[in-house]
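Protein chains in written order, with the numbering used here: chain A, 1095 to 1487; chain B, 269 to 647.
These are computed hints drawn from the structure, not numbers from a lab. Misleading hints may appear alongside valid ones.
Incomplete in silico selection of chain B near chain A, CB under 8 Å [to be verified]:
no., residue
1, 271
2, 430
3, 532
4, 553
5, 561
6, 564
7, 590
8, 642
With a straight-line cut-off of 20 Å between C-alpha atoms, the simulated PhoX-like cross-links for lysine-lysine are [said to hold, decoys possible]:
no., chain 1, residue 1, chain 2, residue 2
9, A, 1479, B, 536
10, A, 1479, B, 533
11, B, 316, B, 296
12, B, 540, A, 1479
13, A, 1301, A, 1461
14, A, 1173, A, 1461
15, A, 1119, A, 1137
16, A, 1452, A, 1426
What follows is a set of in silico ranges between Cβ atoms, one per label pair, in the way DEER data are often shown [unchecked claim]:
no., chain 1, residue 1, chain 2, residue 2, range
17, A, 1096, B, 270, 11 to 21 Å
18, B, 276, A, 1173, 25 to 35 Å
19, A, 1120, B, 575, 29 to 39 Å
20, B, 269, A, 1430, 31 to 41 Å
21, A, 1181, B, 278, 33 to 43 Å
22, A, 1438, B, 293, 53 to 63 Å
23, B, 608, A, 1245, 53 to 63 Å
24, A, 1299, B, 611, 54 to 64 Å
25, B, 445, A, 1374, 25 to 35 Å
26, A, 1210, B, 283, 52 to 62 Å
27, B, 276, A, 1378, 42 to 52 Å
28, B, 579, A, 1377, 24 to 34 Å
29, A, 1456, B, 575, 52 to 62 Å
Ideal Cβ placement from N, Cα and C applies to all residues, glycine included.
Now for the letters of each chain:
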Amino acid sequence: MSDLESFRAETREWLEANCPPEMRKPVRDEADVYWGGRNATFKNDAQKAWFEVCRDKGYTVPEWPKEYGGAGLTPAEGKVLRQEMARIGARPPLSSFGIWMLGPALLHFGTEGQKKRFLSEIAAGEIRWCQGYSEPGSGSDLVSMQTFGEDKGDHWVVNGQKIWTSYADEADWIFCLVRTDKQNKYQGITFMLFDMAGSGVSTKPIKLISGNSPFCETFFDDVEVPKSYGEDCPGYVGEINRGWDVAKYLLGHEREMISGAGGGDRTAAIGAALKRNAGEIDPVLRAELAQFDVDALAYSAMGEKFLDELKVGKAHPAQPNMMKYAGTELNKRRHELMMAAGGSRALEWESEETGGGKGARNWLRTKANSIEGGTSEVMLNVISKRILDLPGA
Amino acid sequence: MPLYYDDDQAMLAETAQQFMAEEGAIAKQLRHWRDRDCKDGFGHGLWKQFAEMGFTGMLVDEDDGGLGMGHVEAGIVLENIGRNLTPSPFLSSSVLAATALKHGSDDVRGRWLPGLIEGEKVYSVAIDEGAKHRPETIACKAEKSGNGFRLSGKKDFVVYGASSEMIVVAARTSGSDSDSDGITLFAVPRDADGMAHDSVRLVDSSMASHVTFDGVELDGDAVIGEVDGGREVLNAMLMAGRVGASSEGVGVAQGAMDMTVDYLKQRKQFGKLIGEFQALQHRAAHLYSEVEIARAVTIKAAQLLDGGSEKADLMASVAKAKVAKAAGLAVKEGVQMHGGIGMTDEYDIGLYMKRDRALQEFLGDQYYHAGRVAEMSGY
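Next comes chain A alone, as it looks inside the complex (with noise of 0.2 Å):
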């Protein structure tokens, strides 16, 4: 047997020993997700159970090393664990941005101090970070920012507003774009690492068209940022006036992480679940399903090429823009179809049968797709420029 196989074998066996069967059923709601952080409770205890094995394990970020609370998988152990899991529905036991966002970037240019600090600190669910990018007047023009810290020798003095910080009202710690310099506009923004439980930082949620709110305002109001958490452990990542490169690094990361998303051709299509629960179905929508799978289908085998590509360092460095262009005009499609197909049924956003409105609010919440991460229209305008070259783009 393979060393890869054995793995697998292995991980199979702790899996069926350890992941307990309420974890093994679809998340259905925000109380299924769990985020960890210093307020976080566990919906029950077969969440705190499954969660408290994996951190031991290392299993909340497989891939991280061990001395930051990873299990050091090499990146194909990391995918036959994701794929083991996937074969029993395990839910993830950790989420967090922490994860996803900032520790990818503390891998990259993080000191080891930062490192061993808040990579231990995400790994074992202890800080809930939030991300702090957009503001009111920098959507789409992201490097317009104006959140100002004003440097007071060993520290800075917040002063600001971001906006679309995803759960900041119950985030612990923030890792957010700071300008430390007027005058130098992509070379004046700091990435700054500071907690939310200092004065002069609130929230407030925003409520979004889908009745939900998973996004706030955040304001600054003479925050004090230290520059440094101790020895080889600064409040800022990468150089100072030098986080835009960490932000563009991430913003990669994010497309990457979006367009490599997706369930496969296993759920591309749509037309024959639809089908299904809708009984008889009109004929013109049934070409539109058709035109609709036709397209998933083959959106599906573009996924699977672009990560095969990736790997071997074969993709474009731009291919994820069009990756995300292409994914999330897709998945707006296939839910005004799953709408237009669960006619009245599908309007409702309280009944039991659609578990509060599900498909509804769903449906709403994928016109952010093509806003988030860069609009649709950015994405293109990457794409005419990086890739295709074209003139002023």
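With chain A's structure known, arrange chain B on it following the hints.
Just chain B now, kept in the frame of chain A:
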């Protein structure tokens, strides 16, 4: 299997690209033969060169003197054919007819394969009956007659039929027109008595025949595969042909897109390069995205076909439909973005539009294949 070319395939891609850009170029082939009103619609000299390159018999088993390659490799050749609009019997002869012949007896293979591999002969396939591709219904009849069969009926869209030494004909040997079973494939030689070609030039300057069979007597040796068991062979041909046509379509799309993107970087209006206008940039970027996706699903379908996967049939239809959408967009955007000169015969972009139209119809258009995807998915 990763979804990109392995080293050998990448090498073939480089060779094919270079070869086709030189020898199969639009001025040297398509315009050359078209402007001379050539009745074949393609050059036999280039077909010989295809043989020297090993292309003609690439899908033929090594035991039969071919290269024993797969549909990913044939797709590489076809993509370059598409990109250069090279008129060639490759798809009909080396993909469709060759796939049918794979199922033939030793005698059948021995009779027809060497001529194909050497580039001496061109073959064609006769499937459609009517203006749209509906292979579920086959009315063309072959009745038992002595030791052989007597073939009667009419076939349409027989590409390069009049230039073909042999035509693979799908005919009904039992049952009624829309039965799945009861089909037999025949290798009908050029000199068969009672076969008549009404050969017509199509919009893309290729030649295709309406073929009439008026009691054509065929001996038993003409049968490819099993009598009444031809549906399986026909399906194999269709899958191979659809994936092949998709590959050619990806090339057409890429060729049209490259030409158009180049033009956006040269043409000036209002004192600016038109490629500076965001209205055009976004359309070009969207087109890029569609063409990339079309290529991915085409390679995927070819890999599934080579691997003998059950999903190959579905993905062949997905590929044919997706490529039709992407290539259709590429040629339409191409002409529009070229503006007035896009309407002139002098510029090549219009030739891409014409080729795309013909390729769309060949072996089923996007509506037919989207419908098939729905049916195969159970709705």
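Against the structure, the hints:
Evaluation of the residue 271/B hint against chain A yields a held restraint, the C-beta minimum of about 4 Å falling below 8 Å. Restraint check, residue 430/B versus chain A: the minimum CB separation of about 35 Å is more than 8 Å; hint violated. About 6 Å separates the beta-carbon of residue 532/B from the nearest beta-carbon of chain A, less than 8 Å, and the hint is met. Satisfaction of the interface hint for residue 553/B is found here, the shortest Cβ-Cβ separation to chain A being roughly 4 Å, below the 8 Å cut-off.
Of the supplied interface hints, the one on residue 561/B holds, with its beta-carbon coming within about 4 Å of a beta-carbon of chain A, less than 8 Å. Of the supplied interface hints, the one on residue 564/B holds, with its beta-carbon coming within about 4 Å of a beta-carbon of chain A, less than 8 Å. Checking residue 590/B against chain A by beta carbon gives a least distance of about 4 Å; that is within 8 Å, so the hint holds. Against a cut-off of 8 Å between C-beta atoms, the interface hint on residue 642/B holds, since the closest Cβ of chain A lies about 4 Å away.
Restraint check: the Cα-Cα separation between residue 1479/A and residue 536/B comes to about 18 Å, which is no more than 20 Å; the hinted pair holds. Taken as a hint, the residue 1479/A and residue 533/B pair is honoured in the structure, with Cα atoms around 12 Å apart against an allowance of 20 Å. Between residue 316/B and residue 296/B the alpha-carbon distance is near 15 Å, which keeps this suggested pair within the 20 Å criterion. As the CA atoms of residue 540/B and residue 1479/A are separated by approximately 16 Å, the hinted pair is consistent with the 20 Å bound.
Distance hint between residue 1301/A and residue 1461/A is fulfilled; the C-alpha atoms sit about 15 Å from each other, no more than 20 Å. A threshold of 20 Å between alpha carbons decides the hint, and for residue 1173/A with residue 1461/A the separation of about 30 Å lies outside it, so the pair is violated. Distance restraint check for residue 1119/A and residue 1137/A: the Cα-Cα separation of roughly 14 Å lies within the 20 Å cut-off, and the hinted pair is therefore satisfied. About 15 Å separates the Cα atoms of residue 1452/A and residue 1426/A, which keeps this hinted pair within 20 Å; it holds.
A beta carbon spacing of about 18 Å between residue 1096/A and residue 270/B agrees with the range 11 to 21 Å that was offered as a hint. Distance hint for residue 276/B and residue 1173/A: a CB-CB separation of about 26 Å, consistent with the stated range 25 to 35 Å. Judged by the Cβ atoms, the range 29 to 39 Å given for residue 1120/A and residue 575/B holds: they are separated by roughly 32 Å. Residue 269/B and residue 1430/A have their C-beta atoms about 34 Å apart, which keeps the hinted 31 to 41 Å range intact.
With their beta carbons about 34 Å apart, residue 1181/A and residue 278/B fall inside the hinted range of 33 to 43 Å. With their beta carbons about 59 Å apart, residue 1438/A and residue 293/B fall inside the hinted range of 53 to 63 Å. As the Cβ distance of residue 608/B to residue 1245/A is approximately 60 Å, the hint placing it in 53 to 63 Å holds. Residue 1299/A and residue 611/B have their C-beta atoms about 57 Å apart, which keeps the hinted 54 to 64 Å range intact.
The beta-carbon spacing between residue 445/B and residue 1374/A, approximately 29 Å, falls within the hinted interval of 25 to 35 Å. Checked against the given bound of 52 to 62 Å, the beta carbons of residue 1210/A and residue 283/B, roughly 53 Å apart, stay inside it. In this structure, residue 276/B and residue 1378/A meet the distance hint of 42 to 52 Å, their C-beta atoms being roughly 46 Å apart. For residue 579/B and residue 1377/A, the hinted distance range of 24 to 34 Å is satisfied, since their beta carbons lie about 26 Å from each other.
Taking 52 to 62 Å as the suggested C-beta distance range, the pair residue 1456/A and residue 575/B does not conform, at roughly 36 Å.
Checked against the numbered hints given earlier, this structure breaks hints 2, 14 and 29; the rest are met.
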